[in-house]
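Chemist: Protein chains in written order, with numbering that gives the first Met the number 0: chain Y, 0 to 291; chain A, 0 to 228.
Do not take every clue at face value.
[As the list claims (entries may be wrong)] Cut-off 30 Å, straight-line C-alpha distance, at most; resulting in silico cross-link-like pairs (DSBU-like, lysine-lysine): (1) A:71 - Y:243; (2) A:61 - Y:40; (3) A:61 - A:71.
Note that these hints are calculated values from the structure, not bench results.
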Amino acid sequence: MSQLLGKAVLLRCPAGTSLQDEGRLAGAQFGIPTSGAMDQKSFQWANHILHNSSNAVALEMAQPGLRIQFDQACQIALAGAQVAVSLNQTPLSNSTLISIAAGDLLEIGAFLTGSRLYLCIQGGFQVERYLGSGSDFESVTSSSKRSTQEVLSYLAIPQSNSLGAKPKWETTWFESPEIEAYRGADWPLLSSAQQELIQSSIFHLSKYSNRMGIQLEELVPNQLEDLPTNPVFPGTVQLTPGGKIIVLMRDAGVTGGYPRILYLTEEGLSKLAQKRVGDPIRFQLMEITPAG
Amino acid sequence: MIPHYQLLSPTFGELVWDQHPTDELLGYQLAYLTYIQLNFSDTLEEARQGFTRISLVWKNPKNQQEFLAQLKDLKLPPMELSTTIWQVPVCYDPEYGQDQNSLAESKNLSLTELIQLHSEPLYRIHFFGFLPGFFYLNGLSPKLHIPRKSVPLLAVPPGSVAIGGSQTGIYPMQSPGGWHIIGRSPLTFFDSKQPIPVWAKPGEQIEFVPISAAQFQNWKEPYPKLLRK
């Protein structure tokens, strides 16, 4: 039985919009970055309230301005940044879970808090998967980003009220500056002065921030040499010879030669993904407790 | 060469070797990696290999503890490394190796010597990193070691063969890059239309074979010749 496919036209697609899911874990052995939603926590939550699989493909946005029109009924959920949303030019007061009718036009306005928005759709956007993932990444998938006039496919699912009460997305969890992190593999190579500085300082996000990494503004004086190239992950924090701190994000390469000084927790990584250029952060070091 | 384990989070840690990267160390790494993938496939989320470490991500804290309990008694012999040698054609014409002259000059070598030093050895593939399909190779002559460029090039062409630090490598696709470009290969190094996007594996070897500009321009075959198996 073939499932009826709906088509969603991106009438306006702001820069930095891409399709993302949990990521391409099977790719690292070939040097392929993990990719996937920058803020996994919001992405997973929106898929969860749609009763989607945890790997359903969603649209990730980093800027306002999306206009998307659906030609079949479906359910969508928005999570991540808090944004202004209108449906058929009527502003919505709660845009967490939206029932879409055939022909509906959805528009994303200003980002009020946060910097990444997820538009999840019941059943996920239907795209070709490579190594188990539908996440866009240059040279791995046919497109590395989405553009205006592009058409995305989804499963047309007749309307029902089976999704229950209307949940409301809250963003207070990413608004505090504390970012949880474990000590990295090369933390012991740092001097105690460096360790103290990294633990106690407030750092700010620089403008050198994208899906590959987020560079922080303040320097940590550093005499450490490059090390043999070893594995890195989304959430690995590197210290460059020039004293720059770079937090690797979802599209970072899978290995690196700079000292790996911290690893963000999953929560810390999602939280950082919602920070904006100039926002303050402070690393909150976690202890490894015995397995429960 | 028994590794120790550095616990880094409740679900994450690394096998650590303190030696420098060598064929022998790679043999041990591949032995441990293969053993873990065979015996812990249900509880392991991901393994990544570097020159001196293997990172292991576990599905939950208990999985990591179970692995640690077994690791204590584990003493694996090294894996025998593959005898496969892939012949990678490289055109060392100055047209394709824009940093050739400056590199030769700073190392006090003639271009012929530079090409010979680069194409003589067999290089061992340790792992893929940096870019999809980018080999980390061991075996560059110390006479060719040179610090990375202070200003990276915004768009290194695909197939570029370059030297950075004590490493040589091939850019599978266009990318910014800070390595010194000495030539270019006409082969395909990464193809995501294939179920397995690369043609070589860690543990195998690579030999650079100089070709002329005319050969480069007329090269048809996207894959390398297999020299020995």
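Chemist: Next step is simple, just say for each hint if it's right about the structure.
Modeler: Here is how each hint holds up against the structure:
1. A hinted pair counts as satisfied when its Cα atoms are at most 30 Å apart, and residue 71 of chain A with residue 243 of chain Y does not qualify at roughly 38 Å.
2. The straight-line distance between the Cα atoms of residue 61 of chain A and residue 40 of chain Y is roughly 23 Å, inside the 30 Å bound, and the hint therefore holds.
3. Simply put, residue 61 of chain A and residue 71 of chain A have alpha-carbon atoms about 16 Å apart, close enough for the 30 Å limit, and the pair holds.
Going down the numbered hints, you'll see the structure goes against just number 1.
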